[in-house]
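Participant: In the order they appear, the protein sequences are chains A, B, C and D.
For what it's worth, the working numbering labels the leading residue of the first sequence as -11, then goes sequentially.
For what it's worth, the working numbering labels the leading residue of the second sequence as -11, then goes sequentially.
For what it's worth, the working numbering labels the leading residue of the third sequence as -11, then goes sequentially.
For what it's worth, the working numbering labels the leading residue of the fourth sequence as -11, then goes sequentially.
Hints in this document: simulated from the structure, not taken from any laboratory.
Please note: incorrect hints may appear among the correct ones.
Identical copies look the same in the list; a pair holds intra-copy or inter-copy alike.
Claimed, not checked - Straight-line C-alpha distance at most 27 angstroms; calculated DSSO-like pairs for lysine-lysine:
| # | residue 1 | residue 2 |
| --- | --- | --- |
| 1 | Lys168 | Lys395 |
| 2 | Lys395 | Lys147 |
| 3 | Lys410 | Lys395 |
| 4 | Lys443 | Lys147 |
| 5 | Lys460 | Lys168 |
4 protein chains.
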Amino acid sequence: MPVKNGRQYIERIDRQRINLWYQGERVSGPLSEHPAFRGLIRTQADLYDLQCDGEYIERMTYLSPLTGERVGLSYLPPVNADDLVRRRQVTEIWSGRHHGFLGRSPDYMNTALMAFYTAASVLEQSSPDFARNLRDYYAYCRENDITLSHAFVQPLASKWSEPADTEGSIAAKVIETNDKGIVVSGAFIMATQGPTCEEILVFPSPSFSLSEDGNPSAFAFAVPNDLEGITFICRESYARDSAFDHPLSSRFEEMDTFVVLDRVLVSHDRVFFYGDERLFNRLFQEGNFHAYAGHQILSRYIAKTEFLLGLILSLAEEQNAAAELSTTSRIARVMTMLENLRALRLASETTGDTTPNGYYVPGNPPLIAANLQFPEYYEEMIHTIQQLSASNLIMNPLEADLSSAPKQYLEVYLKGVSSSAKERISLFRLAWELGAGPFGGRQSQFERFFFGNAKTTANRMYQSCERQEDYKALVHQLIGRDL
Amino acid sequence: MPVKNGRQYIERIDRQRINLWYQGERVSGPLSEHPAFRGLIRTQADLYDLQCDGEYIERMTYLSPLTGERVGLSYLPPVNADDLVRRRQVTEIWSGRHHGFLGRSPDYMNTALMAFYTAASVLEQSSPDFARNLRDYYAYCRENDITLSHAFVQPLASKWSEPADTEGSIAAKVIETNDKGIVVSGAFIMATQGPTCEEILVFPSPSFSLSEDGNPSAFAFAVPNDLEGITFICRESYARDSAFDHPLSSRFEEMDTFVVLDRVLVSHDRVFFYGDERLFNRLFQEGNFHAYAGHQILSRYIAKTEFLLGLILSLAEEQNAAAELSTTSRIARVMTMLENLRALRLASETTGDTTPNGYYVPGNPPLIAANLQFPEYYEEMIHTIQQLSASNLIMNPLEADLSSAPKQYLEVYLKGVSSSAKERISLFRLAWELGAGPFGGRQSQFERFFFGNAKTTANRMYQSCERQEDYKALVHQLIGRDL
Amino acid sequence: MPVKNGRQYIERIDRQRINLWYQGERVSGPLSEHPAFRGLIRTQADLYDLQCDGEYIERMTYLSPLTGERVGLSYLPPVNADDLVRRRQVTEIWSGRHHGFLGRSPDYMNTALMAFYTAASVLEQSSPDFARNLRDYYAYCRENDITLSHAFVQPLASKWSEPADTEGSIAAKVIETNDKGIVVSGAFIMATQGPTCEEILVFPSPSFSLSEDGNPSAFAFAVPNDLEGITFICRESYARDSAFDHPLSSRFEEMDTFVVLDRVLVSHDRVFFYGDERLFNRLFQEGNFHAYAGHQILSRYIAKTEFLLGLILSLAEEQNAAAELSTTSRIARVMTMLENLRALRLASETTGDTTPNGYYVPGNPPLIAANLQFPEYYEEMIHTIQQLSASNLIMNPLEADLSSAPKQYLEVYLKGVSSSAKERISLFRLAWELGAGPFGGRQSQFERFFFGNAKTTANRMYQSCERQEDYKALVHQLIGRDL
Amino acid sequence: MPVKNGRQYIERIDRQRINLWYQGERVSGPLSEHPAFRGLIRTQADLYDLQCDGEYIERMTYLSPLTGERVGLSYLPPVNADDLVRRRQVTEIWSGRHHGFLGRSPDYMNTALMAFYTAASVLEQSSPDFARNLRDYYAYCRENDITLSHAFVQPLASKWSEPADTEGSIAAKVIETNDKGIVVSGAFIMATQGPTCEEILVFPSPSFSLSEDGNPSAFAFAVPNDLEGITFICRESYARDSAFDHPLSSRFEEMDTFVVLDRVLVSHDRVFFYGDERLFNRLFQEGNFHAYAGHQILSRYIAKTEFLLGLILSLAEEQNAAAELSTTSRIARVMTMLENLRALRLASETTGDTTPNGYYVPGNPPLIAANLQFPEYYEEMIHTIQQLSASNLIMNPLEADLSSAPKQYLEVYLKGVSSSAKERISLFRLAWELGAGPFGGRQSQFERFFFGNAKTTANRMYQSCERQEDYKALVHQLIGRDL
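Construct the complete structure from the given sequences, taking the supplied hints into account.
Facilitator: See the structure below:
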């Protein structure tokens, strides 16, 4: 069956031999046994199992137009509002499991690839091969349920480098083409989940080029992670094994990697475009990447907000503070955020539009509104967790302490009003991971910059508003000014 | 035709002889000629004309179930989601004219009365007369298109007074009953638009009472404004006549009045309940007052936000600041507010529920979310207006200056980059009224406290959330805690 | 006696016949009887009386170095920290009377003129006449206790105009020089208190000029208000006569005026410089205008904060809210603001410096810190007033109502817990003027933009910090990086 | 020499054998070699060396009144403003080394003990022994330069426990007295630096007691850390060894411990009071604990703010963002915080008071103002670090990567505009530790709750204001209300 299960996912990840570096060492053994990756791999395997589970398979898959076999529903190009709702339910089910902590849950990249696929025809003007390559790759991923990561953003030094077609430039670029394919060098600041995926989509913003035609930095392709010339370098891992001490990082720690391409040979059939820098923006625009991805993201936001609301309610109860006016007000604010996010999703599904190619695209302004607000929402929720936890975020015993000699003291002195010491401590361990630990620190920063910084998102909102003149007209009419 | 037009509205207001005091003087002449009221009366007459206008009448009225004649659609008790949308359109049309500046546009009280009407059956347990009185009064208002104000809140001294059935108590209460009716004394802090309405609905929160049965402060009724014993005392008026100098207060200044009842005899058929203090809350709850009113209010919020967005866009353009990043960000925030409000309205209409009596009630949590957020939104929009206007909010010539000798200077020196001096000044006059003038000061305070202070609204939100246990369960499952 | 008293102030203001326009009419009678000016003139006369009062004269004046007679101490060029403290006391006494509501209390411009005077020598390089003119004018003002306003900022159209030496330019500029003086045309956006002063200091930022030497828009001078060719145009006045209804605007309403110069002939001895645009900045810099004015302003800020704290404490008491945690927190924040402001003033006086010319200048960074923060402080204090006043900021009877027939009701129903109705209403009238009325609206906007907008002030702070490299060195040392 | 050096500090810490538990294991070897403690111990040894260093000894010590030998100046009870300045300089020197990251730098507890000592006479009314014990203990610590921690706050379960003299109560209390001393049981939520100190001051808030005299939970004493019956349980350590990867936690990680007393026998001469619960508050009040400690803390705040400003300036430079308006504004805000903090310290030193016992106490309101504001300042500075660091806070290679094979890539692609890759990475490692790592998470939470939560501090501010009536009088005079 094309849709894969957890075991298959693990086997494929363990089988590949990527050039992966962690803390100065080449990682050699199977990733599913490595402490920095095993928790996440297990969680992700659960997600894949879910889509093969009898209870969920109908909702999470559809019949391949190619083979009639069941393929992942997040690959489905929607043609009406119902399709959007079906797509949304996949994300609801998966993010109901990972509570929104996986920014790179497989549905994210499936959605991205689907978005680009819907605009494959824009590539035809450059070359019919390019369009066919993209369509084929989309079908390949869908039929084989490929787990994909991506590399978009280059480091400061690459961005500040000389023009792309200057010899000394270190911008990501094609340095040679031959009959087998194109040869690419460059570096990318961050591929989240790089090592725990099978393939990588490389899709840089083109750098400035001197030549008018044929910008060597304008290209996109996808290749297996273990292709020769690709190096992944990890950051410090925050994953720990104890689900008691680290309930989140033991399950949801997505590794971020710095990716270097050193003369990587990409075969021609995997190249989606090359040379024409205008295709970069057109694929994003006409593929409605922001709208489709924004729709997936919003369901992740909602799942995360529900989980954080649950934590905040639990903390308020544990601290005997639920009846205090200041606590009620904080909680009401979180409930309000949740109402906004849900309503915006509904609005995006209801106000969608059909593209010339016949695809149904969710309304974008409500989605941008969610993107613009969520970083502030998240920050406020974390702040509320910190306020409600007080010194319990500083001093917290560990699982091992609860089976050591001083356990007798902890059980007496650290119980709550209606909770055991173990229950109370476990709740504050969770609060600590989000409000003061490194897993939470990375999550906070991720949400802050995830879909562009505040300026970028604000500008996207500003540009998306089509009725600016109508609103001004209301004012001009009132003050009797001719328009 | 039951639905009234502007001329009829003016005639009725001018005909009544209420005991109205303004700046220490009894107001004697027709209100439609009085400088404190004429602008608002003209605006409101326009609204009534609109509903009789061929272009709008279908959308703004429906056929009376009693007479088959056209009555105002804001009286319609909705029985399905479509009815809600039809009701919403009335508010959209009217608030598209007053831009949300009329907090007491007639549809507000029509909606309130409709809400109470849908719960008339709760009065039957106290007396079948009460239920019939309320239903009759609702029909009377609908058939005659009565313009209604209301009195809910009593002054601090009344609230802090002795128990209601103590002689010295100054709480609003029934001091006598006789065969003609009940005799009531008391005071109410604020009836907005009192003088520009025909009748007043009096509906105080009951005060504490010593007796177990028969709380003299528990009652509700409606009477004509000019009934003997009722006194209205006005605040300072901010209305001015020049639509150039005061584009808003010349049109939209709703007077607030302090209302005193001094031994007012209310005939029995106008009493909706009396004695049983539990009926106060039940009418509000089972009549779904907050949901129905909240739905009307949200459309008013949206109209106001659209107008303010128009003003902000115009100011950005006038100040040549539209391209500045900080301006774009401010504008994007306002656009985001608008997306939230619209999405919340959609969600409330989509997630409604049918009452045991068969009425369709909009989903309340999205509406409370709007109530909780709008005061902050409004404050931020006004702040943006102030920031964009800078010194133009301080120094502003007046209409008279533009036809006086120094006009020659103003036309040269006060022109904008692409606007005449007159256009530029008129825009900043509008900004001044909202951002620094007394009309705007009252609007800001009104929005801050309009539907309860922040604590009340936050508590309403907190209580409205029915899934608190589900959210906590997400957390408890993760940390392996039994529920 | 050179220092003037209140009667002399009024006589001089009434004597001059300036070309003053109010609401399209030329103002003809004595200003001290005009409703838009009389309240402020009376208040300002009180200030002048104070400095002649036996109780204060020692603290508010010093002996003229020229005549030995008593002149205003705000003219004193300080030569040590004690002088600064003496200067501060003058502002403390005066702003203790006007509670900081007079942004143009006479000590402000006296201080500004003193600041420029201390840098008169920079004019010598351009012409010894210029330096002498400035010194003479300073002495003239000091010896005659001249009340001065100023015109700095030009309207948008003037700023966007063509180069100053182009014919069509409407920038303020010298259009002719002759043996009597220079002839100037142009307009200025705002002279606060223009009509209630005797003379005006005109000191525009130079516009761009085509010629390398002799920029016609680079000049400064001072002239009597009623010189031919000068026109003052007023904004709408917010002054009212009733000290009960309008306790602030009846006393402290400073009129703002638009000032136009139409071929005004300025005699040579009143010109401080002309032609060299660099002198504009140098007079500001080397005269330490921002530091000297900032020191005066900070004492005004402190007086205003004390008054607002008094109001907030009174409102908390009147509303029975002083014991609520949220109220205490709000009040504590205001007390904290006051501690900051006082401490910053102390720091500025303690960390001053002596100029090459021997004058003592207060430390500037603490003063800029105060300028940067006060707009936010003020906004928060007003917000607290609004929150504590609630509906009392919307519905408020007037003085006339308290002597009309319904007075009997007001006295019963509008009393407070321990205050009479009259006392309670008068407190909320004051709160209304600040929190919702036009006087308060103008004060809020004035404080927001008074000493430059937020960006300008932030940049001033950034530039003032001399230890940036030291702070970076702390970090570089820790991470072992060579500097 | 009484004042100890770094070597002596390490020897003493290593010599004691406390009952210390870390991650479920009893810690047995010397702490100065244990990875969780060695970095901090080395840093603290440096501080002790500093005070013995010829360059600093004069400024950091004074001559013991008992022996004439040099003792630590943070023990000096100040009798005038100069003494305060001398005390401050000690904290400036030490926190210039630890940049304010050590909340329990030795001067903190030295100051606390000195404060209680100045009020020893209040204990005499209970027993002359108590007063003598406190004085002796103070002298003992000063003469032997004892490093002290403290235990104040009990866990929720102890606070919610039954009355202290009920058998089942788990509140900290004296459970027996005998001729050797008092026997104490109970638990304390947090002793920061417990294991890296020599002795511990135990000083709980008394719990509720049934008996009128002799509250068993009212007591204070100090004992060596390794006294029988005392258990310390650590939280997870955030200390790492690499000063490149973890520049802060490798040096400044203060361990927090949960402290349990199980039938600890405290000899009579170490008991400072027992039984009379009023003495708890009196020692705090009359010893001016908050003022003396607040003065030490404020210098720590200043050092920390200087370091963070240095980091923010460095990040702005590294990101090429220093010239952006939004960056300048953020930096100007930090500079303003620094001006406030410095000015408040100056004000506290200048406005101090002399106690009946002859000690000079810094003015408290400016210090409380600093306490109330710093948590917000800190949060904002961290937020600025996060904003300036963007994705560099997510993806960061480690020291080991810079000497591994992929080093060649990192050096090319991760260099900055004017910095090497190593320099650039090291700066972001520091930013990560503060803005997203667990060391920074604990620091942020520590600053939030360090000197009481926001409500407690706000109330302290409110109570400290002695001129509330004066401020109200300003308002009452203006509105003509009799006081």
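Participant: Now, for every hint given, state plainly whether the structure supports it.
Facilitator: We went through each hint and held it up to the structure:
no., hint, verdict
1, Lys168 with Lys395, "neither (66 angstroms within a copy, 30 angstroms between copies)"
2, Lys395 with Lys147, "between (55 angstroms within a copy, 20 angstroms between copies)"
3, Lys410 with Lys395, "within (10 angstroms within a copy, 45 angstroms between copies)"
4, Lys443 with Lys147, "within (19 angstroms within a copy, 29 angstroms between copies)"
5, Lys460 with Lys168, "neither (57 angstroms within a copy, 52 angstroms between copies)"
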